[in-house]
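Colleague: Sequence:
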Amino acid sequence: MPNKYRKYLILLSPTPSLKPNPNSLKEAQNCTPKHPRTIKRRIRAYSRARNLMERFSSSRVSKGIFKLAPRTRDIRELVSTEIRDEYKSTRPLQLEGNFIPKEWDNRFIIEAEGYDIPNNWINTDLDQLINYIHETIKHTKLQGFEAQLLVAAASYMYRPGTVNEERMISSTHFGDTPLSWKPLKRETQAGGYTNQALPHGVRKFGLFVCGFLLKVLTKSSANIRLSWEAKTKRYMNFYKMGTNRPKEWEIPNDEWVEIIKRQFTRNILAKKSALRLINSFETLYCLRETHESEFVRYLFSTPLSYTGMHAYKLFCSCVHKLKKDPSWLLTNLHCHQFAPALSSIHDVLQNWEEGSPNFNPAFRYARLLGPQFFSNLQTKSCADLVYCLACIMENFVQSTENDQPTNIVECERLGNEVKARMQAAAENVIDASRVG
Numbered sequence: 022m023p024n025k026y027r028k029y030l031i032l033l034s035p036t037p038s039l040k041p042n043p044n045s046l047k048e049a050q051n052c053t054p055k056h057p058r059t060i061k062r063r064i065r066a067y068s069r070a071r072n073l074m075e076r077f078s079s080s081r082v083s084k085g086i087f088k089l090a091p092r093t094r095d096i097r098e099l100v101s102t103e104i105r106d107e108y109k110s111t112r113p114l115q116l117e118g119n120f121i122p123k124e125w126d127n128r129f130i131i132e133a134e135g136y137d138i139p140n141n142w143i144n145t146d147l148d149q150l151i152n153y154i155h156e157t158i159k160h161t162k163l164q165g166f167e168a169q170l171l172v173a174a175a176s177y178m179y180r181p182g183t184v185n186e187e188r189m190i191s192s193t194h195f196g197d198t199p200l201s202w203k204p205l206k207r208e209t210q211a212g213g214y215t216n217q218a219l220p221h222g223v224r225k226f227g228l229f230v231c232g233f234l235l236k237v238l239t240k241s242s243a244n245i246r247l248s249w250e251a252k253t254k255r256y257m258n259f260y261k262m263g264t265n266r267p268k269e270w271e272i273p274n275d276e277w278v279e280i281i282k283r284q285f286t287r288n289i290l291a292k293k294s295a296l297r298l299i300n301s302f303e304t305l306y307c308l309r310e311t312h313e314s315e316f317v318r319y320l321f322s323t324p325l326s327y328t329g330m331h332a333y334k335l336f337c338s339c340v341h342k343l344k345k346d347p348s349w350l351l352t353n354l355h356c357h358q359f360a361p362a363l364s365s366i367h368d369v370l371q372n373w374e375e376g377s378p379n380f381n382p383a384f385r386y387a388r389l390l391g392p393q394f395f396s397n398l399q400t401k402s403c404a405d406l407v408y409c410l411a412c413i414m415e416n417f418v419q420s421t422e423n424d425q426p427t428n429i430v431e432c433e434r435l436g437n438e439v440k441a442r443m444q445a446a447a448e449n450v451i452d453a454s455r456v457g
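Start counting at 1 in the sequence shown, then tack on 21, and there's your number in my numbering.
Source of the hints: derived by calculation from the structure; they are not laboratory data. Remember, predicted model here, so these are calculated numbers, not experimental data. Idealized CB from N, CA, C, for every residue including glycine. Among the hints, erroneous ones may be present.
[To be verified] Below, in silico cross-link-like pairs of lysine-lysine (DSS-like), each with a Cα-Cα straight-line distance of 27 Å or less:
# : residue 1 : residue 2
1 : 203       : 159
2 : 282       : 123
3 : 268       : 240
4 : 282       : 401
5 : 240       : 345
6 : 254       : 268
7 : 282       : 254
[Unchecked claim] Between beta-carbon pairs, the in silico distance windows are:
#  : residue 1 : residue 2 : range
8  : 279       : 201       : 15 to 21 Å
9  : 430       : 310       : 32 to 38 Å
10 : 434       : 203       : 48 to 54 Å
Could you build the full structure based on these sequences and the hints that come with them?
Modeller: This is the structure we're talking about:
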């Protein structure tokens, strides 16, 4: 249909309630055209559009869809075809990289089926486990089940701030599936690891390193390299080591990190075991401020929580910096463009975040379990909102050119015009916060 007719032709639909707008003809008649023939052309365009509507209406049935007749594009030959109810229950096609959004339930982690990690390993068993993991890092020689062992070793970490070998958690029955590795029961060497006994301090540090390496769930090898030296200092602070620095492990190379990442991706039992372990640590120690809560936040909460929920994390940071209530910021950001993401943020604050009924921090790791949860909060789904929030944060943080809040990969795809509008919106929010 020529573009000149589209101004007065409303959307055609099988819905019988849609009718031509009678004001459109008056608009065409009363306008002041620049050219004397323009008014006549507009009236003719509307008249033709109205005639087309009448043709559609006369051929419409109560239950049907319009379909072009075979071998013709003539609009007069539109025919009505009844909808076939037998196809309504067809399941959606799952294409690679696509997913169907799903409502979150904390039980997806709390009751997840994982591995049955033994609770009766003694020090010699733990020494074998630590030696094996250490050897895989030194020689990048893995057998396909090392991700399971990182989780198992982390579950045996000792309570910080004490000199005793007191385990932080004792219940690690995450499922009925046994681990793919068992400690040897005699002095021998096999499978690339030895039964060499370790001093108490070396064992404690080895278990801590295994807990630290669970960062591979989300972090890159570059991130692990950058934080490798700092983690030893934090270990010494947590366990009150003074100047008694433990012997450092070799930094895992890129290949080792990528292999472990693939193991967690392909082995859902290993990933679910890791998430259940983290949830056990957080529910035991992070509901109140203790030495243990700081320990758990450093190893798990800070690097892993809210993964894939960048919009929500930025929103919370902006609330803190602006010193306003979440409701105030939601109201001032509200627009049709931001509506899906803001609705998800409101849902998290109302139903999942701390202070809500039956609170559990498991939801913070939902997107580690699958991309179908809280999908409106991932950056690529709301890049414009994320950029706007990042512009707000730029007013409160000191950053270098390479470390600006707006340096977000997904936001680079936004056009300059969109970025300018988001910057203006951010400035309006900041101005409103100062006035009110």
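Colleague: If any of the earlier hints don't hold here, list their numbers in rising order.
Modeller: Checked against the structure, the only hint that fails is number 5, while the rest are satisfied.
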